[in-house]
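Peer 1: In case you want the letters, here they are:
There are 2 protein chains.
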Amino acid sequence: MKIVFIGAGNLATQLSLALQSAGHKISQIYSRTETSARELSDTLKTEYTTQIEQVRPDADLYLFSVKDTVLPELIRHMPRNNGIWAHTAGSMPMNIFKTATEKYGVFYPLQTFSKHLDVTFSHIPIYIEGSDRNVTADLVALGKDLSDNVQVISSEQRKFLHLAAVFACNFTNYMYTIAADLLEEHDLSFTDLLPLIDETAAKIHKMPPVEAQTGPAIRYDRNVIEKHLDLLNHENTREIYELLSKNIHKYYHKNK
Amino acid sequence: MKIVFIGAGNLATQLSLALQSAGHKISQIYSRTETSARELSDTLKTEYTTQIEQVRPDADLYLFSVKDTVLPELIRHMPRNNGIWAHTAGSMPMNIFKTATEKYGVFYPLQTFSKHLDVTFSHIPIYIEGSDRNVTADLVALGKDLSDNVQVISSEQRKFLHLAAVFACNFTNYMYTIAADLLEEHDLSFTDLLPLIDETAAKIHKMPPVEAQTGPAIRYDRNVIEKHLDLLNHENTREIYELLSKNIHKYYHKNK
Chain A
1 MKIVFIGAGN LATQLSLALQ SAGHKISQIY SRTETSAREL SDTLKTEYTT
51 QIEQVRPDAD LYLFSVKDTV LPELIRHMPR NNGIWAHTAG SMPMNIFKTA
101 TEKYGVFYPL QTFSKHLDVT FSHIPIYIEG SDRNVTADLV ALGKDLSDNV
151 QVISSEQRKF LHLAAVFACN FTNYMYTIAA DLLEEHDLSF TDLLPLIDET
201 AAKIHKMPPV EAQTGPAIRY DRNVIEKHLD LLNHENTREI YELLSKNIHK
251 YYHKNK
Chain B
1 MKIVFIGAGN LATQLSLALQ SAGHKISQIY SRTETSAREL SDTLKTEYTT
51 QIEQVRPDAD LYLFSVKDTV LPELIRHMPR NNGIWAHTAG SMPMNIFKTA
101 TEKYGVFYPL QTFSKHLDVT FSHIPIYIEG SDRNVTADLV ALGKDLSDNV
151 QVISSEQRKF LHLAAVFACN FTNYMYTIAA DLLEEHDLSF TDLLPLIDET
201 AAKIHKMPPV EAQTGPAIRY DRNVIEKHLD LLNHENTREI YELLSKNIHK
251 YYHKNK
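So the protein lines, in turn, are chains A and B.
Note that UniProt numbering has the first sequence beginning at 1, numbered continuously upward.
Note that UniProt numbering has the second sequence beginning at 1, numbered continuously upward.
These aren't lab readings, by the way, just hints derived from the structure by calculation.
Hints may contain errors.
Identical chains share a label here; the pair holds if one copy fits it or two copies do between them.
[Unchecked claim] With a Cα cut of at most 25 Å, we get these calculated PhoX-like pairs of lysine-lysine:
hint, residue 1, residue 2
1, 67, 254
2, 159, 246
3, 98, 2
4, 67, 250
5, 246, 67
6, 67, 25
7, 159, 67
8, 227, 98
9, 254, 115
10, 67, 227
11, 227, 159
12, 115, 250
13, 25, 45
14, 206, 115
Sequences are here, hints too, so could you generate the full structure?
Peer 2: Shown next, in the form of structure tokens:
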């Protein structure tokens, strides 16, 4: 497929690299930010523009990979053409395209992406939605060039996947950040936490997370909890510790 | 070494199995709960007791692996002997043993343990503290039979390691639980989140977590955040989402 990327952020970068490797032609990158546009087009050896009005009309697929808040405006200013327009967002309904073009859909890979950390797409779930059967089939076929886990789901289901991903990835990474900062403040090495972090992720391949819970909150070891709250000298972190401990305790109390 | 375990919970189970495999003799298990005591002693093919007064006097090492709240009382009732007494807790000072016996210390493996999920100790950090040089040396030697990462640290440092571990493991696993429940409520498969969870953990081997953060909170995409809050129909989960999103935003705003 001949593909234009609207956006040059983390997801656009990794997805365009993967699609190019799979043999597709990335014919243009649009980004409002010239640095980002140039950087990605350099990597892909393709052209770029910072003017949405100058997006090429001859692609088979336009992949919008931008912040949700700017997507409506970009669609409004996008030159009309006969390609499929699809976005890669978790929480945007497919119908955002409805009044702007005829063939449209969603291509949502469930993963965390960083510009400079290449990911292997082969087992990443890719969720597809299409405005008609042909669009769905085209997007599914494209997904299958990257991954063995391509599924057609509704905008409604996709919203819950995205929400679950925020907990499982974004909030989890923030927990890692708090831990790293605590250790750094006390001249301890974050590297020593990696076996624990790895095992925590590995465990839930073998048992549901509800059974994998350990630690003072589930034992409701007030002794430890109080000591930990005393050690936390940032108000924000203490608030997080308290809220999560309270909820873990309630969760298991309720379920028993 | 001839070792008695005081406790038969998750940590005691995995640690006693590992020490037995490494060639040490586990000569007795004490647990208040007969079922736990019997289960672990059956696995290890050793004897057990539910009476702390009946703990054998002839071991080289007594490993206390119990809830912090019951540790002082157990120490008080423990028959005097010439072995080393050590606990495996993150937040207990070593001096808890000071008035009860002469040779004492700490043997703290930084990992999450479940009774029925065997772990490989080889890269798990084990933190040692000893009442004198000989005790420290004995406990370090024991640690090295299990792991290539054995360190001598103070009670003070150990407290912060334990606190960091609560964030990196216990709270992280709770994030997985919330995600799993959300997907289950909407007939979606938790298995599809595993590549994302694995990548989130793998990423921080290559970059510090502060650089790995992605998602609506760091972009401060109010559009997505508001939609997510609307989707969360449990008050508790909504409170967690709001607090963590607010803090992620503040964290990156402050650091820029």
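Peer 1: Any of the earlier hints contradicted here, and which numbers?
Peer 2: none
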